[in-house]
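> Here are the chains, one letter per residue:
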Amino acid sequence: MAKHHVTTTINGEPVEFLCSTRQTLLDVLRDELNLTGSKEGCASGDCGACSVMLDGRLVCSCLVLGAEAEGKSVETIEGMAEGDRLHPLQQNFLEDAALQCGICTPGFLVAAKALLERNPDPTETEVRYWLAGNLCRCTGYDKIIRAVMRTAAEVRGEAS
Amino acid sequence: MQSVQFEAPGTVEQAVALLAGATGDARVLAGGTDLLVQLRSHMVDPALVVDIKHIEETRTLVRNADGSYTIGSAVAGAEAHEHDRFAAEWPGVMESWDLIGSTQIQGRASLGGNLCNASPAADSVPAMIAAGMTANIAGPGGRRTVPVEDIPVAPGRTSLANGEFVVSFNLPARPAGGGDAYLRLIPRTEMDIAVVGCGVALVLDAGGIVTSARVSLGAVAPTVLLVEDAARAIVGTRLDDDALAALDAACQAACSPINDKRGTIVYRTQVAGVLARRAARIAAERAGSR
Ligand SMILES: Cc1cc2nc3c(=O)[nH]c(=O)nc-3n(C[C@H](O)[C@H](O)[C@H](O)COP(=O)(O)OP(=O)(O)OC[C@H]3O[C@@H](n4cnc5c(N)ncnc54)[C@H](O)[C@@H]3O)c2cc1C
Ligand code: FES
Ligand code: FES
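In order, the protein sequences belong to chains A and B. Using numbering that gives the first Met the number 0, the letters of the first sequence correspond one by one to residues 0 to 159. Using numbering that gives the first Met the number 0, the letters of the second sequence correspond one by one to residues 0 to 289.
Among the hints, erroneous ones may be present.
[Claimed, not checked] With a straight-line Cα cutoff of 27 Å, these simulated BS3-like cross-link-like pairs (lysine-lysine) come out:
(1) A:K2 / A:K71
(2) A:K2 / B:K52
(3) B:K52 / A:K71
Read the hints as simulated data drawn from the structure, not as lab findings.
Extracted from the complex, chain A is given alone in its bound form (with noise of 0.2 Å):
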């Protein structure tokens, strides 16, 4: 069976790869497009490690084909930071020690990401329960939820 050719916009960039049917977006940006930011830790939805932007809208990539994402636009862990500087969510990841091994850390750092762009002053609670579907077996979270809620008091202007 013939390969799908996929045009598409990553990080702001287009893009164009072919894929079979079975790929799903994960394999095509780690395999076919060496972005290996975005993990894989289950590759059923469970995780969360795999989470990207898919026209605006938080989605496991591990749950989407790589032909639908033609003609849409898909923002990775990548695109994150502007050259060297870090967005200020990773640098208080780092800073907090809110992570250990790293492979929850670029999904965690993208879903917080869309969280804040929508919510500027979550509770904890909310940030907990949007972040639910990021696993982390290291951190224990408190680390996680800290990093993220001293972020967003200092994108509000708040001192932490």
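Assemble the complex: chain A is given as a structure, and chain B with the ligands must be docked to it using the hints.
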């Protein structure tokens, strides 16, 4: 494992022609949150996948002039949440949809997928049935509209014929004095499969008497149930203790659940009664508050 043809038609007619003309198993793709998991684990091995999300009718949620809603079968929960009136008018339907998975899953999960996956524990289905929703189906023979409860026939199986798919749903206008609610029990607060789910929609008159009701139970039988005896137990009452006891008993009587790690038969049966009582109270509060 065969190679899979993928199509993303722009019209209902094209989708029907593709589905009806497929030589092997053909699957509709909405949000993919069930289908892709099943593809990966080789539970399904389709020859054709038809992405219906390029069909306008499957992707729009509109409030009609008479207050009813037409909900595209592939609209995602996160999109419904952003509608200005839907969640306020049908909070039970919205809360059942919200319960499906995480934020990431919400970005994709549709009512059409939740229903047609035909899991007895599908969260939105009891709320849809309680609300009296119907499904607009397109197929090689044209269009037909059926009550939502007629679509699942067994775990993983629907009454849809070859070449048919659900295009959209009709949700009636919220009646004056109407309220709805959905409750599910899971062992934690997020990300698990319902042990029991219960949807209730009812209408109260000015004196607080229930004039009509629909009660639906999930995860207690091979398909989601519409429990007519449970509705009869509360119609004509003020939801006093006797009425709630009768509702509880009718729900328990309707259960034929499985035993599994999430709950025993006895536990699921009792919980069904308890959730029905609570959901009925919440629905009545919502009915009274408008
Ligand atoms: C991590 C995770 C958590 C989840 N949590 C829950 C939960 O809490 N509660 C719950 O109920 N579900 C849950 N689910 C299951 C799933 O997300 C829901 O069933 C969802 O509503 C499916 O919708 P979809 O649009 O993604 O369907 P898809 O995966 O696209 O489709 C599902 C099935 O229905 C068929 N189909 C889809 N649309 C149509 C149509 N319009 N006409 C005919 N057939 C159609 C498909 O061919 C497929 O067989 C979860 C899934 C994951 C991965
Ligand atoms: S890899 Fe996608 S959710 Fe785990
Ligand atoms: S840091 Fe290891 S899984 Fe989160």
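> The structure should be examined with respect to each hint, and the outcome stated for every one.
Taking the hints in turn, this is what the structure says about them:
| no. | hint | result |
| --- | --- | --- |
| 1 | A:K2 / A:K71 | holds, 18 Å |
| 2 | A:K2 / B:K52 | holds, 21 Å |
| 3 | B:K52 / A:K71 | holds, 12 Å |
In summary, the structure agrees with every hint in the numbered list given earlier.
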